[in-house]
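There are 2 protein chains.
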Amino acid sequence: MLPESLRRVIQLLSRLPGVGEKTAARFALQLMSDHQLSAGLGEELSTLSSRLRPCEDCGHLAEVPAAGKTLCSICMDPKRDGLKVCIVAKIQDLLAIERSGAMRGRYFVLGKLLSPLDGIGPEELPLDRLEKFLQKHLTEEVILATPPSVDGEATALFIARELESRGIRVSRIASGVPHGGDLEFADQITLGRAIEGRRLL
Amino acid sequence: MLPESLRRVIQLLSRLPGVGEKTAARFALQLMSDHQLSAGLGEELSTLSSRLRPCEDCGHLAEVPAAGKTLCSICMDPKRDGLKVCIVAKIQDLLAIERSGAMRGRYFVLGKLLSPLDGIGPEELPLDRLEKFLQKHLTEEVILATPPSVDGEATALFIARELESRGIRVSRIASGVPHGGDLEFADQITLGRAIEGRRLL
Chain Z
1 MLPESLRRVI QLLSRLPGVG EKTAARFALQ LMSDHQLSAG LGEELSTLSS
51 RLRPCEDCGH LAEVPAAGKT LCSICMDPKR DGLKVCIVAK IQDLLAIERS
101 GAMRGRYFVL GKLLSPLDGI GPEELPLDRL EKFLQKHLTE EVILATPPSV
151 DGEATALFIA RELESRGIRV SRIASGVPHG GDLEFADQIT LGRAIEGRRL
201 L
Chain W
1 MLPESLRRVI QLLSRLPGVG EKTAARFALQ LMSDHQLSAG LGEELSTLSS
51 RLRPCEDCGH LAEVPAAGKT LCSICMDPKR DGLKVCIVAK IQDLLAIERS
101 GAMRGRYFVL GKLLSPLDGI GPEELPLDRL EKFLQKHLTE EVILATPPSV
151 DGEATALFIA RELESRGIRV SRIASGVPHG GDLEFADQIT LGRAIEGRRL
201 L
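If you read the sequences in order, they're chains Z and W. Quick note: the first sequence, position 59, residue 59 per our numbering, numbers continuous. Quick note: the second sequence, position 7, residue 7 per our numbering, numbers continuous.
Everything labelled a hint here was simulated from the structure, so no lab data went into it. Errors might be hidden in some of the hints.
Each pair may be met inside one copy or between any two copies, as identical chains are not told apart.
To be verified - Think about it this way: if two alpha-carbon atoms lie no more than 20 Å apart in a straight line, the pair counts; the simulated SDA-like pairs of lysine to any residue are:
#1 K22 to E98
#2 K136 to E4
#3 K90 to A154
#4 K69 to E56
#5 K90 to R104
#6 K132 to A160
#7 K90 to T23
#8 K84 to R129
#9 K22 to D93
#10 K90 to M1
#11 K136 to V150
#12 K132 to L95
#13 K136 to I173
#14 K90 to S33
Generate the whole structure from the sequences, applying the supplied hints.
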């Protein structure tokens, strides 16, 4: 019932995370009726993936420079210190922590988590790059901010063991009932962790 | 915290309906990591709005042909009859009705609804085009499928009056409790309409 070219756009849009065919159709119709938006987005997207690369130091996203090493804005910021390094699974997590304002050190993006079920073993983690990063910044503390899931915990534990012998303090972000959350509806594991991780007042 | 070119993409994506900055960022990061998707979408969107136009007959979307009149797939389908014409506010509504399979006639897309608050009066409705359409297809019944909102009802009533003198039967889609809906949570107006529009069994 829709023109072929619009169907192609809908099919592509429905590959975005959390977007089904109906939402994709809404997006497509909006793009269709807003020439400025579709032309602008078209131009940006055509060249997007060639202009961006992971930062060669930390794995965060970075604009590819005309010459030299590809570094992200955090790695290029001289006001940040690398004494504390926060290790995250993905860029979105880095952005979320950054928005919270609770971390003023540097970050390191793993890009993946250990996952025996998906066949992702330790050799796929960027451990060499991490080691170089920590040496370069004379890091004193590593904060493991992988998600509180099975894969995230396993990865945190694995990295903690790897760093054990190097005189670097390793910490793990707290897991418990979220701010504003209702204890009544919290799951057992979260409540268990909240009790276990209790702090003296 | 993000490269400039990615920020531009996020800003554009957040203009899609129902997409906030966080969702736009998720989309952008997905596009960023899927070269095939971003390049494909980029190419399609760059030319999208120049390749599509409203159908000159019914207002539905149509691919602009190399030569001749721009007509949509429904208007070009000889197996459809125009004895029954379903009038809808927007293309999405046409698609929804089409998916239901309940309407095998033709459609007419108004593109807008009467809305005194937004300053949209009868002169902005495509009445001339509608009249030509109904004459061309020797239409016997018009089904008003504008939404059951204040503007939708006003528009339906207005068109019904306009067509009154022309010997065309005018009907309005039923409004009531939706299939699978819970009466307990239905609003007063919906319940009122459900009672009012009751049918003998």
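With identical chains treated as interchangeable, where does the CA-CA distance between K136 and V150 reach 20 Å or less: within a copy, between copies, both, or neither?
neither (31 Å within a copy, 65 Å between copies)
First find the shortest C-alpha distance between K90 and S33 inside one copy, then the shortest across copies, and answer within, between, both or neither for a cut-off of 20 Å.
between (34 Å within a copy, 12 Å between copies)
Intra/inter-copy verdict for K136 and I173 if alpha-carbon distance must be at most 20 Å
Result: close neither inside a copy nor across copies, 24 Å intra and 70 Å inter.
Same-copy or cross-copy closeness of K90 to R104 [CA-CA at most 20 Å]
within (18 Å within a copy, 49 Å between copies)
Using 20 Å as the alpha carbon limit, work out where K22 and D93 are close: within a copy, between copies, both or neither.
between (28 Å within a copy, 12 Å between copies)
Using 20 Å as the alpha-carbon threshold, which applies to K90 and M1: within, between, both, or neither?
Between copies, since 14 Å is at most 20 Å while 39 Å is not.
Up to 20 Å between alpha-carbons, please classify K90 paired with A154: within, between, both or neither.
within (16 Å within a copy, 51 Å between copies)
Please work out whether the CA atoms of K132 and L95 approach to 20 Å or closer within one copy, between two copies, in both situations, or in neither?
Neither. Shortest intra-copy (23 Å) and inter-copy (56 Å) distances fail the 20 Å Cα cut-off.
Indicate which option fits the pair K136, E4 if close means a Cα-Cα distance not exceeding 20 Å: within, between, both or neither.
Neither. Shortest intra-copy (54 Å) and inter-copy (27 Å) distances fail the 20 Å Cα cut-off.
At most 20 Å between CA atoms: does that hold for K22 and E98 within a copy, between copies, both, or neither?
between (33 Å within a copy, 14 Å between copies)
Given a CA cutoff of 20 Å, do K84 and R129 count as a within-copy pair, a between-copy pair, both, or neither?
within (16 Å within a copy, 68 Å between copies)
State whether the alpha carbon distance between K132 and A160 is at most 20 Å within one copy, between copies, both, or neither.
within (16 Å within a copy, 75 Å between copies)
The structure fails to meet hints 2, 11, 12, 13 from the earlier list, while all remaining hints are met.
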